[in-house]
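> Protein chains in written order, with my numbering: chain C, 1 to 363; chain Y, 1 to 304.
Just so you know, the hints here were simulated from the structure itself, not pulled from any lab data.
Note that this is a predicted model, so its numbers are computed, not measured.
Just so you know, not all the hints are guaranteed correct.
Claimed, not checked - DEER-style ranges, computed between Cβ atoms:
no., chain 1, residue 1, chain 2, residue 2, range
1, C, R332, Y, G220, 27 to 33 Å
2, Y, P137, C, T164, 29 to 35 Å
3, C, R332, Y, P268, 50 to 56 Å
4, Y, D270, C, R332, 50 to 56 Å
5, C, I130, Y, I88, 41 to 47 Å
Claimed, not checked - Covered by chain C, per the in silico footprint, the following chain Y stretches (three or more residues, Cβ under 8 Å):
no., region
6, 150–162
7, 206–215
8, 280–289
What the hints assert, rightly or not - Derived list of chain C stretches under chain Y, where covered just means 3 residues or more per stretch with a C-beta under 8 Å from a C-beta of chain Y:
no., region
9, 257–265
10, 310–316
Glycine included, every Cβ here is placed at the ideal spot set by N, Cα and C.
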Amino acid sequence: MTVTQRSSLLARTISTPIILIAILIAIALLAKFVGSGPFSRTIVEMFIRVMLVAGLYIFVGNSGVISFGHIGFMCIGAYAAAWFTIPPAMKGVTLQGLPSFLAHAQLPFLVSTALAGLLAAIFALIVGRIMMRLAGIAASIATFAMLAVINVVYSNWDSVTGGTGSIVGIPFYTGIWTALGGAILVVIIAYLYQISRSGLALRAGRDEATAAAASGIDIVRERHIAFVISAFTIGVAGAIYGHFLGVVNPDAFYLGVTFITLSMLVVGGMNSLSGAVIGVIVISTIIQLLRWLEKGIDLGGATLSIPNGLQEITIGLVMIVILMFRPAGLTRNREIVWRFWPVKRAQSAAEPVLRNEHAQARN
Amino acid sequence: MTAVLQIIFDALSLGSLYAIGALGIALIFGVMRLVNFAHGDYISFCVFAMLWPSIDAAAVVFAGNLPTFILIPLILAIGAGISVLSEILVFRRFRNANPATMMIASFALGFVIKHFLLMLFSSRPKSIDLWSNLSLPVEIAGARIPLLQVITIIITIVILIGLTAFLKRTRFGLEMRAAAENFTMARMLGVKANRVIMLAFAISGMLAAAIGLILATQSGTADIQMGVSVMLVAFIATVIGGLGSLPGAVIAGFLIGGVSVLMQVILPLDARPFRDAFVYAAVIACLIWRPQGLFAPKSAKQRV
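Given these sequences and hints, build the entire structure.
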């Protein structure tokens with residue numbers, strides 16, 4: 001084993017999450033200094049998307065299986081947050097079917113959010129046990145079917161979920177710092193998973209399934225672990241989103257969010273954590289700029305504005321053009337590393353670290 | 001007996017839509033490994049092509065007023081046109097990209113088409129009157145079946161026979177089947193890649209237009225969302241049938257239609273709102289039972 005002679009994996013790759021977290025903190029500070037209400041809300045939405053996309057990345061990026069189902073976990077998390085935190089008096093009216101221990105409970109924010117993530121993770125543990133045997137496009141379709149099942153159940157189980165109508169009265173706990181904290185938490189979890197033994201094994205299985213299996217990697221098991229962890233993070237994101245809007249309804253957690261988060265991941269670079277975060281930041285920024293343009297910008301007396309609806313058309317075209325020129329995403333599936341990192345410099349070259357990691361891990 | 005006949009016709013006409021949709025997706029997947037999420041938006045585009053752009057609730061029918069024998073070829077041509085155009089402008093540049101990238105590109109294209117329609121027509125569903133006398137029932141062996149259902153099934157059968165004849169009897173069809181089996185090998189044996197792919201897109205677009213015409217006649221409305229739900233089920237059918245297998249896609253389309261209608265009948269009343277959940281659970285079960293699909297072509301098997 002040569003591992004002892006090399007500096008540890010943690011020391012060589014830690015600059016990536018530090019840079020990403022620094023970027024997120026900088027954005028939060030910017031929002032704080034600009035100080036306008038609508039702008040802060042945009043930034044909170046962006047942080048929640050960072051949670052979703054980085055959480056999605058834990059599974060999709062490491063396993064190479066496109067999942068259309070993860071927004072289902074967001075739905076589970078958001079509804080769980082509603083069940084745990086809406087004042088019991090209100091629940092007695094709107095959600096009469098809740099079991100009594102839920103109907104009378106009102107948990108503090110951190111406990112309820114952790115439980116919301118846990119509920120999503122337990123669900124993933126159960127369904128993943130069956131579904132993770134699938135690979136490739138069959139797995140993608142199975143995850144989509146899972147999303148549809150969750151959506152149908154939450155839309156029709158009226159006494160517990162309020163049906164297709166919205167549940168109101170979720171306390172507003174999410175501000176910019178909560179959302180920032182959530183985004184940082186998910187980035188750290190995603191980073192720790194991708195340098196963990198399971199993460200490296202799963203990436204090996206993604207790149208060379210046969211060779212990985214021959215080296216004793218149980219791909220189905222590693223995929224299942226990633227599925228559960230990412231379900232937890234997305235469940236937490238759902239809870240935070242619920243506390244941000246104060247309202248949940250099942251159709252907010254369906255195809256629209258599924259596709260926008262997947263697009264952000266692929267445009268950023270599906271196989272790297274940096275890609276997940278950068279994808280969200282870039283796409284969110286472009287969307288925001290176009291929204292401002294739609295509203296009109298004052299240019300020395302003359303107002304420059306684009307017609308309504310052009311924003312969505314432009315964002316679609318921008319994504320197509322980015323993918324044309326960078327099929328592997330904006331980051332080209334590499335991680336952002338700080339080249340002057342002391343341990344890194346001692347190494348031979350400024351190569352992309354994680355790309356080569358599985359090769360070394362297998363030796 | 002009459003109830004059974006009614007169920008069979010319901011199942012067949014719903015299955016027809018899914019089967020035609022699945023065929024359109026499977027054709028393109030076969031030649032370029034692209035899962036075309038824009039397919040649903042081609043369907044909506046073809047429906048809205050019959051209207052004059054306006055944001056009023058009442059639709060201003062334009063092309064829809066043309067006599068049937070001109071209207072149908074025109075809409076089919078529009079479907080083929082937008083499909084081929086998207087190949088030339090977008091998908092051609094993604095020939096060597098990985099499937100995830102192509103999938104997201106197709107989704108982004110669908111997004112653009114959808115919002116283009118939204119900008120011209122607004123999001124309100126519009127009523128549209130196409131051959132409304134077709135919804136009158138006809139009597140078949142004692143059961144009252146809407147004439148449109150019968151016509152839908154007949155049209156589907158005609159499309160399937162025509163396409164089978166095209167694929168089996170003509171040179172283009174032969175090339176296309178060869179390309180679907182093994183694209184690289186087909187090119188080495190002299191099949192022109194661009195021609196085959198454009199042809200696949202054209203046929204797929206025409207199939208989307210056919211669905212659009214049927215849907216618009218059935219529902220009497222033009223709605224931006226109308227293509228998406230058909231496309232999603234069709235996409236599932238393609239995978240269950242075995243990606244790359246055209247007969248598999250058609251059979252799986254009919255199968256899903258049949259299961260949906262059957263569930264509606266046999267589920268207890270309390271569980272009926274959850275019908276789709278049962279259908280999708282059946283989809284997962286089917287995938288776990290046959291991950292390659294029910295009718296996977298031999299070439300789809302992974303070689304190690």
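> Hints first: check each against the structure and report whether it holds.
Quick rundown of the hints versus the structure:
| no. | hint | in the structure |
| --- | --- | --- |
| 1 | C:R332 / Y:G220: 27 to 33 Å | violated (50 Å) |
| 2 | Y:P137 / C:T164: 29 to 35 Å | holds (32 Å) |
| 3 | C:R332 / Y:P268: 50 to 56 Å | holds (54 Å) |
| 4 | Y:D270 / C:R332: 50 to 56 Å | holds (53 Å) |
| 5 | C:I130 / Y:I88: 41 to 47 Å | holds (42 Å) |
| 6 | 150–162 | violated (count 0) |
| 7 | 206–215 | violated (count 0) |
| 8 | 280–289 | holds (count 6) |
| 9 | 257–265 | holds (count 3) |
| 10 | 310–316 | holds (count 5) |
In summary, the numbered hints that this structure violates are 1, 6 and 7.
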